[in-house]
Amino acid sequence: MQIQNPILKIKPSPLERCLDVMNVVLLLIFIGTTCYYYGQLPETIPTHFNIAGEPDAYGDKITLFFLLGIGVFVFALLYYFQNKPHLFKHQITITADNIEEQYTKAIRMMRVLNTFTILLFSYIQYQAIQTALGKEEGLGQYFIIFVVIGGLLPLLTFVFSSKKKL
Numbered sequence: 003m004q005i006q007n008p009i010l011k012i013k014p015s016p017l018e019r020c021l022d023v024m025n026v027v028l029l030l031i032f033i034g035t036t037c038y039y040y041g042q043l044p045e046t047i048p049t050h051f052n053i054a055g056e057p058d059a060y061g062d063k064i065t066l067f068f069l070l071g072i073g074v075f076v077f078a079l080l081y082y083f084q085n086k087p088h089l090f091k092h093q094i095t096i097t098a099d100n101i102e103e104q105y106t107k108a109i110r111m112m113r114v115l116n117t118f119t120i121l122l123f124s125y126i127q128y129q130a131i132q133t134a135l136g137k138e139e140g141l142g143q144y145f146i147i148f149v150v151i152g153g154l155l156p157l158l159t160f161v162f163s164s165k166k167k168l
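Residues 3 to 168 in the numbering used here are what the sequence shown spells out, letter by letter.
Worth double-checking, as some hints may not be accurate.
To be verified - In the DSS-like style, the derived pairs of lysine-lysine whose C-alpha atoms are separated by at most 30 Å in a straight line are:
(1) K137 x K91
(2) K63 x K13
(3) K86 x K11
Claimed, not checked - Here are the in silico distance ranges between beta carbons for each label pair:
(4) E45 x Y82: 32 to 38 Å
(5) C37 x T97: 44 to 50 Å
(6) I31 x I146: 19 to 25 Å
Treat the hints as calculated values from the structure; they're not laboratory data. Note that the Cβ used here is the ideal one computed from N, Cα and C, for glycine as well.
Work out the full structure, taking the sequences as your base and the hints as a guide.
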């Protein structure tokens with residue numbers, strides 16, 4: 003039987019507040035860009051890209067709103083859980099001595115992941131739009147490298163910093 007971690011409210015630092023504001027602004031840009039370009043798009047747009055970043059499937063332009071919905075949902079989910087570190091599976095036992103540090107690191111990791119996620123969704127959406135308009139040829143050759151490094155770096159940083167001796 004697993005013991006539940008204690009609940010502790012962690013006050014966000016100025017940097018974390020800045021990240022929250024930036025994430026909301028990025029989300030609004032993601033939504034605004036989709037709505038702005040929708041009327042300018044042809045009926046058929048790229049809906050999937052291969053590992054090289056080239057479009058390999060096409061569909062109706064309404065699918066932009068499907069990606070938008072998923073992006074908003076993921077953003078909201080990460081935003082909700084970033085303030086609930088007591089629900090996380092921590093790598094070390096949470097004690098009275100380390101709770102504030104571990105929760106702060108976990109919350110920061112969630113904020114950074116949310117930033118990366120909204121940037122990722124925004125970029126994919128924007129590149130799909132630009133490709134449909136004939137201004138780009140896909141996601142670009144370095145996209146997969148960005149995804150791997152950008153997705154793993156915050157997680158690995160958090161895991162290794164959490165395991166350090168206190």
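Now for the hints, and whether the structure bears them out:
1. K137 x K91: With a Cα-Cα distance of about 44 Å, the restraint between K137 and K91 is violated, given a limit of 30 Å.
2. K63 x K13: Violated, at about 42 Å.
3. K86 x K11: Holds - the C-alpha atoms of K11 and K86 are around 9 Å apart, at most 30 Å.
4. E45 x Y82: 32 to 38 Å: Between E45 and Y82, where Cβ atoms are some 36 Å apart, the hint holds.
5. C37 x T97: 44 to 50 Å: holds (48 Å)
6. I31 x I146: 19 to 25 Å: holds (23 Å)
Violation of the numbered hints given earlier is confined to hints 1 and 2; the remaining hints are satisfied by the structure.
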